[in-house]
Amino acid sequence: MITFSHVTKQFSRVRAVDDLSFSVEKGEIVAFLGPNGAGKTTSLRMILQLIQPDKGYIHYAESLQTSGKLEKSKIGYLPEERGIYQETPILKTLIYLASLRGMPKDQAHTSAVDWLVRFGLKDRANDKVSSLSKGNQQKIQFIASVIHKPDFAILDEPFSGFDPINQEIISNLIRTLRDEGTTILFSAHQMQLVERIADRIILLSGGKELMSGTMQDLRKHMGDGQKLEVSFSGDVLSEQLYTSEILIAEQDSVTGMWQITPRPGIALNEALHVLTSAGNIETLRTTEVNLHDIFIQSFGVKQGEENEA
Amino acid sequence: MKRNIFEITKNVAIWEFNRFFKWMDLIKGMLFFGFFAVVGGVIGTWAGSQAVKTPTVAISDFGPFSPEGFTDGAIRFHDMTTISADSIDSLFQAGDLDGILTINNANEASIRLSSDRAWLLMLEQQLNEIRTEYKLSEFSLDLEVYETITAPVALQRVFEKGSESSVADKIVAGVAILLLLMAVFMGFAYQFTAITAEKQQRMTEQVLSAITPQTWIDGKILGITGIGLVYVLFYGAIGVFFLLGLAYFGVPVQETLALINPVLLVTFILMALVGTLMWNAFLAGVAATIDDPNTSAKTGFMMLPMFPISLSFITLLNPDTIAMQILGIFPLTSYAVLPARMVLTHVAWWEPVAAIILLTATAWLLRIIAGRIFAAGMMMYGKEPDWMDMFRLMVKRS
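Chains as they are written, first to last, in the numbering used here: chain U, 1 to 309; chain E, 1 to 398.
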C-alpha cells in the first residue's frame, strides 16, 4: 500500500527521519515502535502529505490514488495531537468529518450511529462533544478516523488516553477493521497490545530503522529469542553480569530475580557458563523474549547514554 | 467514494456557517434590544414630559419693545411690569416662574434663571424677531424691502461632469459602506474565533488529512462571509420594516426611495459583496498565523479595512483628483472610495466595471495566498510565522 524509499526529513538542526525505507503491504497491521523523537509521527505525517520529505519518495498503491494523486478519502487518520470540535453535537460532528472524506451524508449517518452503538454512546449522539469525558472524546476521535471505511488507516498512538478495558476494545476494533479490508499502520507504546495485534513491527531510532519484521524476526535479532529468569543463592558477582559481552543482565529490584538475555549469536551454553561463574544458581527458567524486552534492550541503555550526554 | 471538491467546499461552508450562526441567539438578541428600547422609551417619555412643560417667563421691563410682540407659544410670557420686584422674586422662589426677563434697551436684555435651560435658544430667537420688527419700524422700512435685502442668492449647481445625486443615493452609498464594514468586522471576529479555536483544539491535522488547506479556507471564507451577509440582510430587513412604519405614519418615504438610482444600488451591492469576500480571504490568512489572539501583534490587521473608509471622507473635498480616481479603482480602497465618488461626481461607465473586475481578481488572488499561508500556519503550534515567513509562504507554490 505504502512504500517509503530513502526518505529524509530535517527540521532546522534535527534530522527527524533519516534515509528511512520500509513498506506496508495490503491487509497488514504494521506497528511503529520507538522512543520519543524516533521519527514515528513525522513519518506518518509525511504519508498524509501534511509535510513533505526533503529527500526520497513515498510510493502509494494505485488503489490509494486518483489521477496520479493521493486520494485522501481512502485514508483514515487518528492524529497524535488529539482534538475535536467541542461545541457541536457528536453525531453532526462525525457526519461532517465523514463528509470531508467524500462519504454521502446518509451513509455517514448510518455508519456514525453504528460506531456509536459499538462504543455504547448512541444515547449521547445529540450531546455536545464537550459534555463527554476525555476517554469518550477519544472514542469519538477514533470513530472520526475510520468512519468512512478507509483502505488504509494511520493511527498515531490509538491507545493513549484509554483505560486497559478500552485499550482492549480498541485493539479488537483494529483487528476487526483489518478483517474488513483496512490496512493499518499505527504507533504505540503499549507493548503487549502491539505484540498481540501487529503482523509486523518496525523499530525506529533517531529517524532510522533499527530492526523490523514479525515478532519471531525481532526475537531472532535478540539472539535465539530465549530469555532466562535466574535466582542465585549466596553472593553474586553482579558487576561480572552487568559488564558481560555474552549476555544482557537486569535484576528485578522487587523480586531479586535476574532477567538474562543472551546477546545475538551467543549459544545458551556460553551464557550458562557466565552465570555459573558469577554465583550459585538456585532456580533457572527459560521464557520467550517479549516486545518489552526487545524495546528496553534496544533503546534503554542507548537512550540513557544519550540523555546523560 | 468519489469526492466532489465543490460539494466538500459547500459542506465546509455550511458547517462554518452553522458553527457560529444561531437564529435563536439572533432573535433573543433582538428581543433583548426591543425590551430595553421599550423600557428606555417609557422612561424617556416620562422624563421628557417633566422637562418639556411650557416655561413661564415674567417680564419686569419691556424696554423699547412693544408688549404685543411677546406672544405665547413655546414660552408663556407674563407682563409683570406693574408688580413689585419683591413680589416677582417671591413667585420665582416659589417655582411659579421659570425666569424673569428684563429688556434694558433694543440691544441688551437679561434673564434670571435657576440654571441653564434648553428653551433659552427659543427665547433668543423670539427676541431677535421682536428686535427686527422694532428696527424696521424705527428706520421706517417696509418688511417686503427687508426680505428682499436679506434674501439668499439662489445658486443653481450646473455640473460639468454629470448631475447632482439625490440625497437618497448618498444615503444608500453611506449605508452600503457601513453594512460592508459591519459584514467585514463580523467576518473578522468569526474567522479569528474559528481558526484560532481549531488550532487550540488541535483539529487541524484531522481536517487537513482529509481535504486540502485551500478547500478548507475556501469553505471558511464562504461560510463566514455568509454569516456577515445574513446579519446585514437581517438588519436591512429591520430597516425596511422601519421605513414601512414611517410610511404608515404618513412620512413620504416612497418619494425618497423613488429617487434611488437602481444602477448605483446594484453597483454598491456588488462591490459590498465582493469586497466582503476579499477582506475575509485576507483576514483568514492572517488568522491562520495567529497562535494566541490575546497576545499576537497581528490582531492590528483588524483596523486595515478602516483605512479605505477614511479615504472616502477625503473624497468629499474633491472627488475628481487623479488620486481619488485611482483609489476608486484600486481593489483595496475601491469598495469605499468609488461609491463616494459615484454620488459626488460623474464616473465613467468603465470605472465601476474595472473596479469590480479588479476587486474580484484580488479576492481570488488573496484566497490563493491565504490558502498558502493557512496551509503552513495551521500546522504551527506554539509559534507564529514572522513577516518574512509570511512573505515566503505567499510566494511559495505548494
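By construction, these hints were calculated from the structure, which means they are not laboratory data. Quick reminder that beta carbons are idealized off the backbone N, C-alpha and C, glycines included. Treat the hints with care, as some may be off.
Said to hold, decoys possible - Distance condition first, Cα-Cα at most 27 Å in a straight line; then the derived DSSO-like pairs of lysine-lysine:
| no. | chain 1 | residue 1 | chain 2 | residue 2 |
| --- | --- | --- | --- | --- |
| 1 | E | Lys170 | U | Lys128 |
| 2 | E | Lys170 | U | Lys92 |
| 3 | E | Lys10 | U | Lys69 |
| 4 | U | Lys128 | E | Lys53 |
Said to hold, decoys possible - What follows is a list of derived Cβ distance ranges for each label pair:
| no. | chain 1 | residue 1 | chain 2 | residue 2 | range |
| --- | --- | --- | --- | --- | --- |
| 5 | E | Gly239 | U | Thr66 | 20 to 28 Å |
| 6 | U | Gly181 | E | Met306 | 35 to 43 Å |
| 7 | U | Gly37 | E | Ala354 | 38 to 46 Å |
| 8 | E | Phe185 | U | Asn36 | 38 to 46 Å |
Which of the listed hints are not met by the structure? 1, 2, 4, 5, 6, 7
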